[in-house]
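Asker: We have chain A; now place chain B onto it with these hints.
There are 2 protein chains.
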Amino acid sequence: MSSDEGIEIDPQTIKELELLEAALSDVDTEIIAKQYLMTKDIFAQRHNTISKIPKFWAVVFNNAQIDLEAAITPGDREIFEHALTGIEVVRPEIPASAKLTDAGLSGYGEPRSVTLRFQFSENPWFSDSVLEKTLYYRYSKDGEAGLVSEPIKINWKAGKDVTEGLTDAAYAFWQAQKKSASQNLDGVVSGDARKARDAAAKKLPEYKTVVDTLENKVEGAISFFNFFSYRGRWTSAAESKEAKAELDARRQAALAGKPVADKEEEEEDDDEEMPAEAEAETFPAGHEVAVTIAEDIYPGAIDYFMSETLDSDDELDGLDLDDDSEDDDDVEMS
Amino acid sequence: MSSDEGIEIDPQTIKELELLEAALSDVDTEIIAKQYLMTKDIFAQRHNTISKIPKFWAVVFNNAQIDLEAAITPGDREIFEHALTGIEVVRPEIPASAKLTDAGLSGYGEPRSVTLRFQFSENPWFSDSVLEKTLYYRYSKDGEAGLVSEPIKINWKAGKDVTEGLTDAAYAFWQAQKKSASQNLDGVVSGDARKARDAAAKKLPEYKTVVDTLENKVEGAISFFNFFSYRGRWTSAAESKEAKAELDARRQAALAGKPVADKEEEEEDDDEEMPAEAEAETFPAGHEVAVTIAEDIYPGAIDYFMSETLDSDDELDGLDLDDDSEDDDDVEMS
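For the protein sequence lines, the chains are A and B, in the order given. For the first sequence, position 184 matches number 184 in the UniProt record's numbering, and the numbering has no gaps at all. For the second sequence, position 264 matches number 264 in the UniProt record's numbering, and the numbering has no gaps at all.
Excised from the complex, chain A in its bound form (with noise of 0.2 Å):
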C-alpha cells in the first residue's frame, strides 16, 4: 500500500463503525458470561485434577510467558515451582445462582470484571496462603474504560521479598490516599477534580517511596508478584455507573438517528506532568495480564502445560484416548 494515498472518510461513517465496534463489544461481553457459565463445572472438576499433578501451575506460567509478556523473574519462578497449588479464576459480578438462560447484559454486573485467585502453600516468602486480586472493569466519566484494582497487601517474610519493596509501598501509597479525605477514591472525579486528587497525591510521601523504588530497578527485572499492586487508572464504582448511563443515553441517541452534541473535549497539555497513578504505577500491564491468564492461560491451562511434558503430536481438540501407557507413566520435563 503505498504511502501517498489518503483515504477521505465521511464523520458520519465514522459514527457508523463506532456504534458497530460498540454493539459487537457487547456481545463480547455477554460471551465472556455465557461462556463462565458453561465452563465453571468443568473447571472445579478440572482443579480436582490438577491438584494431582506436581508443579502443573508453574510449567504453566513457565509456557505461558510469551503471551504473558510479562517477566516472569527467576525469583518468581522459585516460588511458583515450590509453593503455587493453584489458581481460580472468578468473575465476581456475576451472581453464583446466575443461570445459562438469564445471561442477557442486564441480568447481572459487569462480566469483564475479573478475580484472580493464585493459592500457595506454606513457604519461605510470605505468610499468604491465597493472594487474590480483584479486577474491575469501569467507565470514567472523561471516556476511558478499563480494568482497575486496589494493590493489596503481600506479607512478605524477613528478607525474602523478591519486589524488594515495591508491593509493600505500593499498598501504602494506596492506603494513605483512602485516608486522605482530598483524594476521594469511592466518590466521582472528572476534569478538574481529578487533576486536583492527581496534584494531592503527589504531595503524599507514600507517592514518592513508591517512585524511588520503582526508579531503582533495573528495566526488566519487575516481579510478576507487582502484579498484586495494579491499579490502573482508579476509578470508583460510583463514578462508573454515571459514566455507564452518559455512554448509553448517547449511543441510544446516535442509534435514534439524533445529533449528538460533542462532549467537551479534553484539553490536551502536552507539557504536562505524568498524572501520579500512572508515575506509580508498579505493573503497566496489569489490565492485559489480567485478561490474558483469565481468557488464554487459564482456560488453557492444560495444553500450555502438556506443550511442554507430553511429547505429542496428539491432536487436543478432539479427544485422544490412544496414549501408549508405557510413554506416559514418566513424563519428564525438559
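FYI, nobody ran anything at the bench for these hints, they're computed from the structure. All figures in this text were calculated on a predicted structure; none of them were measured in a lab. Watch out, some of these pointers could steer you wrong.
The list cannot tell twin chains apart, which means a pair is met if one copy fits it or any two copies do.
As the list claims (entries may be wrong) - Below, a list of computed lysine-lysine pairs in the BS3-like style, where the Cα atoms sit at most 25 Å apart:
#1 40 <-> 133
#2 202 <-> 157
#3 208 <-> 15
#4 15 <-> 55
#5 15 <-> 179
#6 52 <-> 258
#7 160 <-> 55
#8 153 <-> 99
#9 217 <-> 160
#10 133 <-> 153
#11 179 <-> 203
#12 15 <-> 40
#13 133 <-> 195
#14 178 <-> 202
#15 179 <-> 160
#16 15 <-> 52
Answerer: Quick look at chain B alone, frame taken from chain A:
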C-alpha cells in the same frame, strides 16, 4: 525450572485431563455457534457501512499480516487494493433459520466449518467476482481432526496468474482424483485404504505437476491466493460421521468409568514417504489462516482498519463519540 526434574503423571490423571479438554473444546465450539448467531445481523450492517470506505479490506489485510503469519506478496496486495470489495464469513453447517435458543451442539451441524467469501470488482487479474472457500471441520477414522477443503478454480486472465500456475495445478490434481475411481474421495478410508488412495494419487500426472510447480517456488513467495487451493488431510463427510460417532462412544465409556480399549496403534514408520496430499499441499497453513480470518480478522476488522488510518488513542471498547470532526474529515493513511 531446572531440567533435571521429572514430573510423573498417573495415566488415569492424563485420561481425566483429556476428558476435561474435550468438554472445554465442546464449550468453545458451542460458543462459536452462539457468537455467530449473536453477531450475524451486526456484521450484515457493517458490510453496508464498510462498502462506503474505499480499500477497507486491503488496509485490514495489510495491518493483519502479523496475525495472519502468511506472506501477502506485493502481487496479492495490488489485487486486494484494486479489487477486493467485500468479505463475508458464513458458517455453512448452521442453518440460516437457527436461533440462539436452540444453539446446543446437537441442534445443527459442525459450527467450526466455515465459508470465507471474497468479493471482487471487475479486474485485470481474474474473471471471478466471488472467490468462495469452504472449509469443513472433519474427523478421520485414524484419529485426526481439522479443517479440510476442496481446491477451487480461479479463472485467471492470460498472463495474470500471481500463483504462477499453482492454483490451476492443484485444481487439476483434485479433479483427476475425483475422476479416478480408486481415490474414493467421498468414501471411508482409513489405514490401508488411505495408503492405497495415496499410492494411486502419486501416479497421477497431475500430482507431479503440482509438486514440480511447488518445487520451483522461492520460499516465502507463495501467494495468498493459494489459500483457495488448500485441502488439508482430505476426509469425507461420511468418514467424519463414523469417526465422530466412535469418538463419542469412547468418550461416553470413559466418562462412565468403563475400561476403554486402546485403539490399535498406527504403526509409525519414520522411513515412510510423505503422503501425496501433504507433498502437494499448496498452502500448509490453511487451517490456521482460515481460523484467524474467521475468528480474529473478520470480527476485529474495524480495529485493524483504524489502527493504521486513525491516529487515535480512542478506547474502542467503549463507544467514543467524541471525535473531533476536523480531524476525521481527511484521514490520511500512512
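Asker: Does each hint fit the structure? Answer for all of them.
Answerer: A quick look at each hint next to the structure:
1. 40 <-> 133: Intra 19 Å, inter 36 Å, cutoff 25 Å: intra-copy only.
2. 202 <-> 157: neither (29 Å within a copy, 68 Å between copies)
3. 208 <-> 15: For residue 208 and residue 15, neither the intra-copy (43 Å) nor the inter-copy (54 Å) Cα distance is at most 25 Å.
4. 15 <-> 55: between (50 Å within a copy, 18 Å between copies)
5. 15 <-> 179: Neither: 43 Å inside a copy, 53 Å across copies.
6. 52 <-> 258: This pair counts as between: shortest inter-copy Cα distance 21 Å, intra-copy 60 Å.
7. 160 <-> 55: within (21 Å within a copy, 57 Å between copies)
8. 153 <-> 99: So residue 153 and residue 99 fail the 25 Å test inside a copy (34 Å) and across (48 Å) alike.
9. 217 <-> 160: within (17 Å within a copy, 58 Å between copies)
10. 133 <-> 153: Classified as within; 10 Å inside a copy, 54 Å across copies.
11. 179 <-> 203: Within one copy only: 14 Å inside a chain, 82 Å across chains, cut-off 25 Å.
12. 15 <-> 40: between (38 Å within a copy, 20 Å between copies)
13. 133 <-> 195: Result: close neither inside a copy nor across copies, 27 Å intra and 55 Å inter.
14. 178 <-> 202: within (14 Å within a copy, 75 Å between copies)
15. 179 <-> 160: Close neither inside one copy (28 Å) nor across copies (73 Å); limit 25 Å.
16. 15 <-> 52: between (53 Å within a copy, 13 Å between copies)
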